[in-house]
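Sequences listed follow chains A and B, in order. Going by the numbering used here, the first sequence opens with residue 1, and the numbers climb by one from there. Going by the numbering used here, the second sequence opens with residue 1, and the numbers climb by one from there.
Among the hints, a few may not be true.
Taking lysine-lysine and the BS3-like style, the derived pairs with C-alpha atoms no more than 25 Å apart in a straight line are [unchecked claim]: (1) 11(B) with 42(A); (2) 78(B) with 111(A); (3) 71(A) with 56(A); (4) 68(A) with 111(A); (5) 11(B) with 57(B); (6) 56(A) with 68(A).
Note that these hints are calculated values from the structure, not bench results.
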Amino acid sequence: GESVGLHLPTLSVQEGDNSIINCAYSNSASDYFIWYKQESGKGPQFIIDIRSNMDKRQGQRVTVLLNKTVKHLSLQIAATQPGDSAVYFCAESGAAGNKLTFGGGTRVLVKP
Amino acid sequence: GAGVSQSPRYKVAKRGQDVALRCDPISGHVSLFWYQQALGQGPEFLTYFQNEAQLDKSGLPSDRFFAERPEGSVSTLKIQRTQQEDSAVYLCASSLRGRNEQFFGPGTRLTVL
Chain A
1 GESVGLHLPT
11 LSVQEGDNSI
21 INCAYSNSAS
31 DYFIWYKQES
41 GKGPQFIIDI
51 RSNMDKRQGQ
61 RVTVLLNKTV
71 KHLSLQIAAT
81 QPGDSAVYFC
91 AESGAAGNKL
101 TFGGGTRVLV
111 KP
Chain B
1 GAGVSQSPRY
11 KVAKRGQDVA
21 LRCDPISGHV
31 SLFWYQQALG
41 QGPEFLTYFQ
51 NEAQLDKSGL
61 PSDRFFAERP
71 EGSVSTLKIQ
81 RTQQEDSAVY
91 LCASSLRGRN
101 EQFFGPGTRL
111 TVL
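If we strip away everything but chain B, and leave its shape as in the complex, we get (with noise of 0.2 Å):
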């Protein structure tokens, strides 16, 4: 069956530009979460959505970082005048209710020039 998709794969932006960064996580999937994948680390967590609600958006590193999932199915991250230390691969994840199980995405590498 299908699992999360992202897209882009690849993004290349000019410091300042700003870019949105789309997830269409497993139907059915109830929560969903974005971390973000510096080089040679785990992933660090961004953000949670319950269906459309966003329930913890505690880990995102400024408020230049923005993120939605309007009709709880497809989620959107934005993140405006992007910096150099943005540069990173960012994951989406979405699992059932109370499952420890994520299923990950491909991520995007985002390159900020």
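So that you can see chain A by itself, here it is in the shape it has in the complex (with noise of 0.2 Å):
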């Protein structure tokens, strides 16, 4: 069925740089795009969500953009810091509320 992927499974990154998350998708009828992050042992966090009909949005630290021409996500951490080491999940949801489809993950690890 349709789902939703990411290109890089590990990301290193040093403390104070960006980072880029990357994530492709299939479903074209997807109307939300939600970033989650996923501390060992703990469930994911709601990071940012963006609509479909927009291709930009800003939250404290972190922009998720959106390019519907080739289907495809993107999460950018500001000054990347220690406590953003984790794995990062895109997800789309058919409406607002509804069930998520999750991609397989991309961790990152955030170096001193």
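Need the complex rebuilt from these two chains, each delivered in its own frame; the hints are there to steer you.
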């Protein structure tokens, strides 16, 4: 079926640098795209979402970019900190409040 | 404030045993979701409740899986005659109606021997 996937399984970044995590999706009918962060032993934590009628949305230190032409989603983290080390998942939803379809995840390792 | 809680955090079962996993959502959250997460994978949807109504159970992998939320608050995921392939982390999430921000519990790690 339709799925959401990621390009890179592991990303190592230097503390203070910016991180970019990429995601490809295949379901053109998706209306929402969401990024979650999961630390070891914990459940996923919501970071930011973007609706399909937008191409950019900013939060605190994070920016999500959506390119519907190539079905690509990215999460940018500014000034990456040790606390940003985690697995990041992109997910899609057909409508707000619906079930989420997750990708396989990218592990971000922040080097001091 | 209190988040989503799940119990037990860890469960070891012998193949063929029945297990029951509990989820206490955030008070006032109408929507409740169950997901299954295999090691190294993203969570996969199992089932969804709005209040006490189970609106979507399309992700339940077999009829051995059953979920309920009788009073629209606490939910229980039951797995009958557990198999080794049922070993995974079972995540519960709750949200306000129509909101994308789902609040996840810490999960129950089920190991079937």
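We went through each hint and held it up to the structure:
A C-alpha spacing of about 16 Å is found between residue 11(B) and residue 42(A), which places the hinted pair at or below 25 Å, so the restraint holds. A hinted pair counts as satisfied when its Cα atoms are at most 25 Å apart, and residue 78(B) with residue 111(A) does not qualify at roughly 42 Å. For the proposed pair residue 71(A) and residue 56(A), the alpha carbon gap of about 14 Å is at most 25 Å, so the pair holds. Restraint check: the Cα-Cα separation between residue 68(A) and residue 111(A) comes to about 33 Å, which exceeds 25 Å; the hinted pair is violated.
Taking the CA atoms of residue 11(B) and residue 57(B), the gap is near 23 Å; set against the 25 Å cutoff, the hint holds. Distance check on the hinted pair: residue 56(A) and residue 68(A) sit about 11 Å apart at the alpha-carbon level, within 25 Å; holds.
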